[in-house]
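Turn these sequences into a full structure, and let the hints guide you.
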Amino acid sequence: MATAGAALLLLMAGAGGCASRQWDYDKSGITAIKLDHDLRECRREAYRPHTLAIFHRVDDDALNRCMERRGYRVTPLN
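Here this note's numbering = 1-based position in the sequence shown + 275.
Just so you know, these hints were derived from the structure itself, not from any lab.
Given the structure is predicted, the values throughout are model-derived calculations rather than measurements.
Don't take each hint at face value.
[To be verified] Label-pair ranges, simulated between beta-carbon atoms:
| hint | residue 1 | residue 2 | range |
| --- | --- | --- | --- |
| 1 | 315 | 352 | 17 to 25 Å |
| 2 | 327 | 302 | 29 to 37 Å |
| 3 | 304 | 324 | 29 to 37 Å |
Idealized CB from N, CA, C, for every residue including glycine.
Right, here's the structure in full:
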């Protein structure tokens, strides 16, 4: 019975990961290092530790607004 519960948990975790959108952040003249730094800072700002989601605790809307404030054009990839 414990195996079935573990399998269900893995299935739910996998399904949740597939549902999240992916985004492209574009800014002219940006280096990979600066993009990584800005993403890290915006993820920290958009982190929601008290949300009910187990695996996805970064608010995508807040992350994207942060990146837009930093001058990036934000577009969905999927």
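Hints, one by one, checked against the model:
For residue 315 and residue 352, the Cβ-Cβ distance of about 20 Å falls inside the hinted range of 17 to 25 Å, so the restraint holds. The hinted window of 29 to 37 Å between residue 327 and residue 302 holds, with their beta carbons roughly 33 Å apart. Separated by about 34 Å at the C-beta atoms, residue 304 and residue 324 satisfy the suggested range of 29 to 37 Å.
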